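Participant: Got chain A sorted already, so can you dock chain B onto it with the hints?
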Amino acid sequence: MSATSGKFLVGIFDDEDVLLHSIPDIRNSGVKILEVFSPFPLHGLDEALGYERSKLDIAAFFFGLTGTLTALTMISYMMFFDWPMMIGGKSNFPLPDFIPVTFELTVLFCAYGMTITFFIISNLIPGVKPILFDKRCTDHKFVMAIDLSKNKMSEEEITNILKENGASEVNQKEF
Amino acid sequence: MHVTSPVREPLVLGNKSYHDVTQDIACRVEEKPTKLWFIAFGVSLVMLALGSASLFQTWRLGIGVWGLNKTVGWAWDITNFVWWVGIGHAGTLISAVLMLFRQKWRTGINRAAEAMTIFAVLCAGSFILMHMGRTWLAHWALPLPNTYGSLWVNFNSPLVWDVFAISTYLLVSLLFWYLGMVPDLATIRDRAVNPISKSCYGFFSLGWTGSAKHWQRYEQVSLILAGLSTPLVLSVHTIVSMDFATSVIPGWHTTIFPPYFVAGAIFSGFAMVLTLMLVTRKVYKLEEYITMTHIESMNKIIILTGSIVGIAYITEFFIAWYSGVEYESYCFINRATGPYAWAYWAMMTCNVISPQLFWFKKIRTNLVATFVLSIIVNIGMWFERFVIIVSSLHRDYLPSSWAMFYPTMYDVGDYIFTFGLFFTLFFLFAKYLPVVNMAEVKAVLKSSTDKPNHNH
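Chains as they are written, first to last, in this note's numbering: chain A, 83 to 257; chain B, 4 to 459.
Chain A extracted, bound-state conformation:
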């Protein structure tokens, strides 16, 4: 989120179903919603707001693949190229034996790669100050933030639209 200054209207909803049903109507009225905040994930919210699918899963796949290749390269270098040893008369590259370590490194790289990427692209970093439009968004309220500078409609019009669609409160917020 890059919006950290200006004037905003903050619509507070008490019920997530009311919120979810209101979004298509609010968007159709011409209001541009900046973001919606909730204390827990709401199924269908990202679709209603028109957000693109996250591509973290593709990133996760490539991190995992990196893990697999790292493991196999490391093991084959060490066991086959650098210092092959006679261990029980067995082959120098018994692939089944190398599966456990390869699997573990795949999982490790995938998990950490994906999660750290998630934190970085979402700007979720230790020490970052949260941009809260209403503190109750982490407790029990559903908060809809509207950036007045990005909307052509007036404050009263937007307030009325929000209230008509079920917002229990509409507050102003300035950063």
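Since the hints were made in silico from the structure, they are not lab data.
This one's a predicted model, so the numbers in the text were calculated from it and none came from an experiment.
Where hints are given, some of them may not hold.
What the hints assert, rightly or not - Simulated pairs of lysine to aspartate or glutamate, EDC-like, Cα-Cα distance not exceeding 20 Å:
no., chain 1, residue 1, chain 2, residue 2
1, B, K449, A, D96
2, A, K245, A, E134
3, B, K38, A, D229
4, B, K216, A, E134
5, B, K288, B, E33
6, A, K114, A, E256
7, B, K107, B, D23
8, B, K449, A, D99
9, A, K232, A, D107
10, B, K19, A, D96
11, A, K137, B, E222
12, A, K217, B, D23
13, A, K217, B, E33
14, B, K285, B, E34
15, B, K364, B, E299
16, A, K217, A, D96
17, B, K216, A, D99
18, B, K107, B, D399
19, B, K216, A, E239
20, B, K434, B, E290
21, B, K449, A, D97
22, A, K89, A, D229
23, A, K217, B, D27
24, B, K19, A, D99
25, B, K19, A, D229
26, B, K201, B, E34
27, A, K245, A, D107
28, B, K216, A, E129
Stated by the list, open to error - Reference excerpt, derived from the structure (chain A facing chain B, CB under 8 Å, subset only):
no., residue
29, I140
30, T155
31, I157
32, I169
33, L177
34, F180
35, C192
36, L206
As the list claims (entries may be wrong) - Derived DEER-like restraints, expressed as beta-carbon distance ranges:
no., chain 1, residue 1, chain 2, residue 2, range
37, A, F163, B, S326, 48 to 54 Å
38, A, H103, B, S55, 35 to 41 Å
39, A, E129, B, V196, 33 to 39 Å
Even glycine gets a Cβ: it sits at the ideal position worked out from N, Cα and C.
Facilitator: Relative to chain A, chain B alone:
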């Protein structure tokens, strides 16, 4: 949309609103530590202190202070390692596997169970470091470039697989637990009055606000982590079982070990979750969040995994006879009638008979019976590892090598250290972090309560 199921018991009782959920769980973090907490914490610190003294001596004088000998090279050290790793598996199972199976009841217990996993794996890891003897050379287990020609580790060995498996397991469990906690830490940050609390919880909550975009990514990351952790649970204990299965001695060299160990791990892990949760829910007054449904569901998993363990025992025994291999047959005759028969029969009683009692609804819905049986199961599972390790080692192929193992006070003391470590960490967790995942419970609130609550 509120849905009242005609067949399912509600998961959250008491007509809770979202704010109630926040209040009930966050208040335990926000309140001052109670007298009971100080007593419990004090006891665990005493165990940690005594155990540390024992551990220091073990480290200083060497592992000769244990009762090990040439014949019985592994005993309490590895028994305790496998016991703790096994316990750790329930947390990941609850967080990951139950998520994939869409079992909403996991939300009441997954936070505490994952915490238990992390602390249990730390205890297991401490035994690995201890049993090396020269712990300052522990880095030799890693494939690091060195000045010995670069002497590499043997990737064919399950002991090396263990290094990667246990490390990965600890790190991924920690990640999954922490990720799940970020929204809850934000909740506590936003309620915090004390500036130190606010900045600490603020630091670790990473500036979380619950925006829709972040939740979208969070949900995807959680699902993928669950998908990764599930094979991780299965692979880690399989690899631990390979420490035995890939050897040559009777009683160890058997292909049943991987599924047998995994089922046993889940069995003991759930028993430990029950032991911890039955006390936590009482003390923290969380009976409306960790309900009889949760307890019954966990008991049903105990029946399932306990039965698999029982069938594995029968299979082992049958194959030992059917194979015609006299060494394998002797191993089992010795287990049942030899000098460690008392341990074998303790194991059989605790592991085979006790979980079967949960078939009776009266027993599986009884809190006292569940608590007692959960402890019995854990004792039984300790004996199982002891029987597998010590009875197979003390009498294998060559009778002239047969010997007995007797634990010394350092074997016991080092075990007490891990109890001290586990409970110290657990009580710190219970005091300073929310023991129930508030965001996930709120997410299932509407579909799993008895009556819709309009007072949010």
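Participant: The structure should be examined with respect to each hint, and the outcome stated for every one.
Facilitator: Now for the hints, and whether the structure bears them out:
1. B:K449 <-> A:D96: holds, 13 Å
2. A:K245 <-> A:E134: Violated - the C-alpha atoms of E134 (chain A) and K245 (chain A) are around 28 Å apart, more than 20 Å.
3. B:K38 <-> A:D229: violated, 50 Å
4. B:K216 <-> A:E134: holds, 9 Å
5. B:K288 <-> B:E33: holds, 15 Å
6. A:K114 <-> A:E256: Given that 20 Å is the threshold and the Cα spacing comes to 17 Å, the pair holds.
7. B:K107 <-> B:D23: Holds - the C-alpha atoms of D23 (chain B) and K107 (chain B) are around 19 Å apart, at most 20 Å.
8. B:K449 <-> A:D99: holds, 10 Å
9. A:K232 <-> A:D107: With a Cα-Cα distance of about 18 Å, the restraint between K232 (chain A) and D107 (chain A) holds, given a limit of 20 Å.
10. B:K19 <-> A:D96: Judged against 20 Å, a Cα distance of about 14 Å means the pair holds.
11. A:K137 <-> B:E222: With Cα atoms ~12 Å apart, K137 (chain A) and E222 (chain B) stay inside 20 Å; holds.
12. A:K217 <-> B:D23: holds, 16 Å
13. A:K217 <-> B:E33: holds, 17 Å
14. B:K285 <-> B:E34: holds, 17 Å
15. B:K364 <-> B:E299: Measuring from Cα to Cα gives roughly 9 Å; hence the hint holds.
16. A:K217 <-> A:D96: Satisfied, since the Cα-Cα distance of roughly 14 Å is no more than 20 Å.
17. B:K216 <-> A:D99: holds, 18 Å
18. B:K107 <-> B:D399: Distance of about 48 Å is beyond 20 Å: violated.
19. B:K216 <-> A:E239: Answer violated: K216 (chain B) to E239 (chain A) is near 26 Å, above 20 Å.
20. B:K434 <-> B:E290: holds, 18 Å
21. B:K449 <-> A:D97: holds, 10 Å
22. A:K89 <-> A:D229: holds, 7 Å
23. A:K217 <-> B:D27: holds, 18 Å
24. B:K19 <-> A:D99: Judged against 20 Å, a Cα distance of about 17 Å means the pair holds.
25. B:K19 <-> A:D229: violated, 34 Å
26. B:K201 <-> B:E34: holds, 14 Å
27. A:K245 <-> A:D107: holds, 12 Å
28. B:K216 <-> A:E129: Answer holds: K216 (chain B) to E129 (chain A) is near 10 Å, not above 20 Å.
29. I140: violated, 11 Å
30. T155: violated, 12 Å
31. I157: holds, 5 Å
32. I169: holds, 6 Å
33. L177: violated, 11 Å
34. F180: Because about 6 Å separates F180 (chain A) from the closest Cβ in chain B, which is inside the 8 Å limit, the hint holds.
35. C192: Interface hint status for C192 (chain A): holds (6 Å vs cutoff 8 Å).
36. L206: Interface hint status for L206 (chain A): holds (4 Å vs cutoff 8 Å).
37. A:F163 <-> B:S326: 48 to 54 Å: violated, 41 Å
38. A:H103 <-> B:S55: 35 to 41 Å: violated, 59 Å
39. A:E129 <-> B:V196: 33 to 39 Å: Hint holds: Cβ distance 38 Å, inside 33 to 39 Å.
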